[in-house]
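Undergrad: Sequence:
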Amino acid sequence: MLSWRTRRQTLYIIIFLILLVGPFVLYFVVQKPGANCFDGKQNQDEFGIDCGGSCAQVCEEEVADHIVQWQRIFESRPGEYYVAAFVENPNTDFIAESFRYTFEVYDKNNELLISKEGVSKSNPRERFIIFEPGLRLENPERVFLEISGVEWIRDELYRQPKLSIRNENLSLATSPRLTANILNEEDDRYDAVEVSAVVFNEESNVIAVSQTEIKNLGGGESENIFFTWPEEFKEEPRICLEPIEVMLAFDRSGSMNDDGVDPPQPLSDAQDAARRFLSELSFRDFSGLVSFGTQASDPIDQTLTNDREATRRAVLDISILPEDETGATNLGEGILKAREELDGLITEGPHKEVLIVLTDGKANAPKDPGGEEFARTQALFSKSLGQEIYTIGLGDKVNQAFLRDIASTPEHYYFSATSEELGGIYSDIATSVCPERIYLTGIFARPINGN
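Position one of the sequence shown corresponds to residue 43 (my numbering), numbered consecutively onward.
No lab work stands behind these hints: they were computed from the structure.
We put the beta carbon where it would ideally sit given N, CA and C, even for glycine.
Where hints are given, some of them may not hold.
Said to hold, decoys possible - So the derived label-pair ranges between C-beta atoms look like this: (1) LYS425 - GLU139: 55 to 65 Å; (2) GLU274 - SER190: 35 to 45 Å; (3) ARG326 - LEU154: 37 to 47 Å; (4) LYS83 - SER162: 33 to 43 Å.
Based on the sequences and whatever the hints tell you, model everything.
TA: Laid out in structure tokens, this is it:
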């Protein structure tokens with residue numbers, strides 16, 4: 043048992059330690075900072091160290107990099123060029139408040155010709171054009187875009203601007219000019235709106251870009267916009283208003299071989315003309331082939347496909363069968379087979395169905411109900427389905443009145459005195475099938491300075 047003196051000494055020691063350590067404990071409890079976004083630790087609801095969750099700083103793992111869809115260099119006039127890139131911010135909730143971009147242009151020897159830098163920003167799910175004009179260069183070959191220094195901020199309440207483009211019209215002349223109208227469907231005013239225009243050719247290659255800026259576009263207000271290019275485009279951008287499904291019905295009866303030439307001249311000329319026609323179709327179009335003599339090919343020579351080369355090969359493979367040398371011409375069955383192929387669902391949405399019939403003789407099969415009557419019935423059925431029929435009569439043995447009658451209109455009938463004229467006829471049909479073209483496939487508008 044401790045003596046009274048010992049107990050008193052122990053009490054003094056405890057009191058002394060409390061007085062010595064207590065202030066430090068009290069200071070630590072009172073002054074120690076709680077978890078925050080600047081403590082160098084991953085705590086709270088953070089996704090990383092001091093980023094994500096309730097922290098303003100965005101973690102790298104939260105965001106996806108900008109996507110550069112394409113980057114191109116264009117000649118505006120001799121010796122003067124501009125560069126453009128189509129970029130997308132793929133993120134739903136993150137704004138790139140600021141980023142740096144660098145265009146690097148190289149020649150064919152991979153020598154750097156120029157480096158052009160700039161600063162931009164992007165909103166969530168925004169697709170936009172980065173554009174740098176007025177570059178004096180010698181023989182540029184390619185361009186690369188690099189994006190760096192992106193400052194991301196989170197904005198889960200961001201809503202897409204409602205900017206609509208209307209009444210686009212592209213005038214192709216020595217100096218092409220595009221006009222349109224932009225409407226701000228919001229109630230708020232935009233201090234500045236960047237508007238970019240892109241022109242494509244029928245292979246979907248970008249051939250021209252331009253950009254303009256609109257100041258102070260108020261809520262509910264609209265404004266006319268225009269884009270110009272100093273010189274005509276290097277190639278004419280032509281795409282049909284709607285996709286085309288075209289079936290070629292091709293006569294392979296013996297009369298196509300009646301000149302005794304190897305290969306048969308009427309047949310080879312017709313094949314060359316048809317193949318040139320197919321080369322004018324766009325990547326969106328479908329083509330197929332059925333040949334006919336005494337009977338139509340079964341299965342048909344080529345089902346509808348968007349592979350133009352496949353149909354061109356099928357045209358080249360057409361040959362006159364021995365039984366067709368002295369056989370009949372069953373034009374009606376050729377129309378029937380083509381109609382059935384066109385009637386199948388290939389292209390979704392609006393499209394045009396076209397049948398082009400080439401023959402150099404009279405429709406004389408089947409015997410019952412008669413070749414012309416059978417062909418006329420099949421043509422009427424095709425036209426009732428909305429299919430457009432062009433007919434080509436080759437040589438002086440055709441019944442022109444009959445071929446004109448089964449065509450969609452008299453203007454849809456073409457007469458070719460010789461096989462050498464077929465190339466021009468198929469070219470005329472290509473223009474008739476697709477008289478109107480879409481020259482503009484993209485106008486992109488985005489606010490660039492508040493709203």
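Undergrad: Which numbered hints does this structure break?
TA: none
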